[in-house]
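*Asks:* Could you slot chain B onto chain A? The hints should help.
Number of protein chains: 2
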Amino acid sequence: MRTEEHFLKTQESLDPADWAETRKLAHQMMDDMLDYMASIRERPAWSPIPEDIRETFSTPLPHQPEGAEPVYEEFKQTILAYPLGDIHPRFFSWVNGPGSAAGMLASMLANTMNPNSGGANHAANLVEQQVINWCKEFLDFPENASGVLTSGGSMANLIALAVARHWAAKRAGVNVRKEGMQSFAQRLRLYCSSETHSSVQRALETLGMGSDSLCAIPVNANFQLDPEALVAAIKADREAGILPFCIVGTSGTTNTGSIDPLDTLADICAREQLWFHVDGAIGAVAALAPEIKPKLKGIERADSIAFDMHKWLFMNYAVGCVLVRNADLHRETFSLTPAYLKHAPRGAASGDLWFSEMSIELTREFRALKIWMLLKEFGSAKFGRMMLQTMTLAAYLAEQIDRAPQLERLAPAPLHIVVFRYVDPALSAEALNKLNAEIVMEIQESGIAVPGTTTIHGKTAIRACINNYRTRHEDLDMLLQAVVSTGQALTQH
Amino acid sequence: MRTEEHFLKTQESLDPADWAETRKLAHQMMDDMLDYMASIRERPAWSPIPEDIRETFSTPLPHQPEGAEPVYEEFKQTILAYPLGDIHPRFFSWVNGPGSAAGMLASMLANTMNPNSGGANHAANLVEQQVINWCKEFLDFPENASGVLTSGGSMANLIALAVARHWAAKRAGVNVRKEGMQSFAQRLRLYCSSETHSSVQRALETLGMGSDSLCAIPVNANFQLDPEALVAAIKADREAGILPFCIVGTSGTTNTGSIDPLDTLADICAREQLWFHVDGAIGAVAALAPEIKPKLKGIERADSIAFDMHKWLFMNYAVGCVLVRNADLHRETFSLTPAYLKHAPRGAASGDLWFSEMSIELTREFRALKIWMLLKEFGSAKFGRMMLQTMTLAAYLAEQIDRAPQLERLAPAPLHIVVFRYVDPALSAEALNKLNAEIVMEIQESGIAVPGTTTIHGKTAIRACINNYRTRHEDLDMLLQAVVSTGQALTQH
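Just so you know, the sequences run in chain order A and B. For the first sequence, my numbering gives the first residue as 1, with consecutive numbering after it. For the second sequence, my numbering gives the first residue as 1, with consecutive numbering after it.
None of these hints come from the bench; they were simulated from the model. All values derive from a computational prediction rather than experimental measurement. Mixed in with the good hints there might be a few duds.
You can't tell identical chains apart in this list, so a pair holds if it fits in one copy or across any two.
[What the hints assert, rightly or not] Here are the computed lysine-lysine pairs in the DSBU-like style, where the Cα-Cα straight-line distance is at most 30 angstroms:
| # | residue 1 | residue 2 |
| --- | --- | --- |
| 1 | Lys24 | Lys76 |
| 2 | Lys295 | Lys382 |
| 3 | Lys76 | Lys295 |
| 4 | Lys9 | Lys295 |
| 5 | Lys235 | Lys382 |
| 6 | Lys382 | Lys76 |
| 7 | Lys178 | Lys342 |
| 8 | Lys293 | Lys9 |
| 9 | Lys434 | Lys342 |
| 10 | Lys178 | Lys9 |
| 11 | Lys459 | Lys434 |
| 12 | Lys235 | Lys76 |
| 13 | Lys459 | Lys342 |
This is chain A alone, in the form it adopts within the complex (with noise of 0.2 angstroms):
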């Protein structure tokens, strides 16, 4: 055969020719990483981008090879440099987790088999299976209600609100998957409080709905949906000849961790006859926790959940969970099986656990290799004593802002996440909102920390997220303590 004797010498692959040296400067990274995550602690929590490093990313697309090493180097020096900070444990900006040495190993073993988990018989589909029945279990939702891992809380809020849009269609006799939005005779309404997480509002503008279609309800001093407000709007457009459909409630908020009243909601949801989906993107998976599962009572009567894992579950990203009571109605709203997708008695392309079918991806990465190991080798019960932990840790702080007289705690904190702000008498309202963007933006600069900003109740906040394992009170008193001199620096001169 002298053309496969050819066409192995100048064969062109991905292969290493030499795995000898690709297996030593893998063993090179390994403990690079090891070493960079164990030592996370030392660097700024954030440091800006030298101009002359963002040039660096405005090259041409190399056509030539550059090599392993000297790519590798790059990345350290340009890349690993300049992190978000997501991993550090004075990152408070957003409800990001870190992630974890364990996680990346199991990135690593699911990236080797690099498995398509869209379907098909092979034992990744059996993982995520396992995995989705375990939230069904820590979650008390029946066993033959149905799952998909997704990129996160988006994705999820989105599959779920088109199931409940599939059986709102349903109920109207509309085909919505033939005929489209256009075929429903009345206009449809969905509820949730003003604090509700903005997935929800684009899930409604992506399925066609528009946001019209999203009626926010005030919430109360905690910032939780106001039922009496709820049940009033229902039937205001129930009299204007609108079709309410779905209630949403939340367990976390983004701005301030409230949890609705869901118990309540699910019980508005089976008198009005309403879909009642619980964004849990933040909260849900506390229900690992004893302590703090009797909060998201009545979360089990949801007809939908949507939360993520990269969150509090504190998983590399991306990963997150919906799940549907209704298993046949989640199949239906999304099931499409192409000659090329058939599914086959025996072989590769049988089995019942095709995820392309629950999901609106096809191709769809082993998301679940990562929950299924950490979730064995460290145990479910710890997960739910990290949640508490950083619950503590954010009662601590709002124990602190308390007694300082130049900070002011905007809202409850229930769950790990803080808003306050710095005050000074002399200031306006606006110049005060002004300050407290300044000191944020300051001392994420300076590299100590990073809090956030959000806004409560018009007023500017400064929003820590205690959401890392890593985290301590030391480091939130260096937060504290970086907020006062900031202010107090600030509004010297």
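*Replies:* Quick look at chain B alone, frame taken from chain A:
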């Protein structure tokens, strides 16, 4: 600080208590994974999962820790041993990418940094923008076009068609984000060939347009969209009061790898004032190969292009890309900045690269690093050569099929997908379909190779996608030999 001392002693963390122990296991894993990849050819392409292994995935949520090493051992026995087989040189079932050792290493680095690439000012977003710029460069897209990396082609098509819908709405005087699809006076229509990937239909369903808004145009003998039939359909729709808004051309259809006459479609879009989207999931990256690029002529005139990097660009799962010519329109379709995502003039929350404004996702993993590293390490030219290599192998396979009296090729193979079947003049059409499905399952179960099936003109076809840089002529010989001998064995009794 007694509290802090106590805290440090009892702190729960995913950081190892003993980094040296984790390091040891990590290096063992790295060695195992490199060995696994280096020796992939020696293992079966696919193996059924034994019942006792399958049952291990039904254990309940593990509350207590099992330890890192036992869990890794279980992974090797129950998961690593039963892969889909995508990375094997004789996996031909779908256009699944094999990934690579280099890609696994890059994923490891990205997973260590674990940044949220939804927005903010950090290096990961510069990497993503550079990768997008490189894509614009090799696809001859304008410098000021926008783009975003996605989990794959389905999401890329969804995003592109959401922008197209937004564009059509503006022209029709509808604020589709606010008012939804119900505010359109007319029904919308999108045109694509009958060979278009199912994700286009799924996108229309998701976006609330319904599958009725898809007009499937017949194809010619080469499985390419027929422009005359297209023009006639548009005319008929306009006369019937339907609003044509988009034409989707495919570069690399799923069934046979055919490429629509993109330049002609661009002409028709210009004349008819329609949005021109190209689904290049399989084929767009072939613009990196000077020998293949001319086949894609016209793709550079698209309003949007969707493509996968985890297919023919061999990147580890999961990463696709969407490019949009009009960046403003792209941002306008998705931009949503609640208080907690407010962009700051300085600090971590500054910068222009908020990819959450270009996508349905908010939290986004660092998908760009592997592409950045591999294109630099190996040079883009090599990727072009690897694509050409798989096409050369496909041509060899087609030639062998054409020579074999027991085999019948069912379509041209313009890229790297070959569809054929085993024939026996004694059998009915129905019996032949059953036979070929059975041949494929038996070959999969034997572990020799993983061919797939599809349907071509009502005939059950054996589909061979040669999407792996590891594949050689001998692998194709083994496939054909297995098809012929299995076909003969099955027809002898």
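*Asks:* Confirm or reject each hint.
*Replies:* Now the hints, each set against the structure:
1. Lys24 / Lys76: both (17 angstroms within a copy, 23 angstroms between copies)
2. Lys295 / Lys382: within (19 angstroms within a copy, 56 angstroms between copies)
3. Lys76 / Lys295: This pair counts as neither: shortest intra-copy Cα distance 44 angstroms, inter-copy 39 angstroms.
4. Lys9 / Lys295: between (65 angstroms within a copy, 28 angstroms between copies)
5. Lys235 / Lys382: neither (45 angstroms within a copy, 64 angstroms between copies)
6. Lys382 / Lys76: Between copies, since 24 angstroms is at most 30 angstroms while 33 angstroms is not.
7. Lys178 / Lys342: within (21 angstroms within a copy, 38 angstroms between copies)
8. Lys293 / Lys9: between (62 angstroms within a copy, 26 angstroms between copies)
9. Lys434 / Lys342: between (59 angstroms within a copy, 13 angstroms between copies)
10. Lys178 / Lys9: neither (53 angstroms within a copy, 60 angstroms between copies)
11. Lys459 / Lys434: within (10 angstroms within a copy, 69 angstroms between copies)
12. Lys235 / Lys76: neither (59 angstroms within a copy, 57 angstroms between copies)
13. Lys459 / Lys342: between (56 angstroms within a copy, 13 angstroms between copies)
Hint violations for this structure: numbers 3, 5, 10, 12, all remaining hints satisfied.
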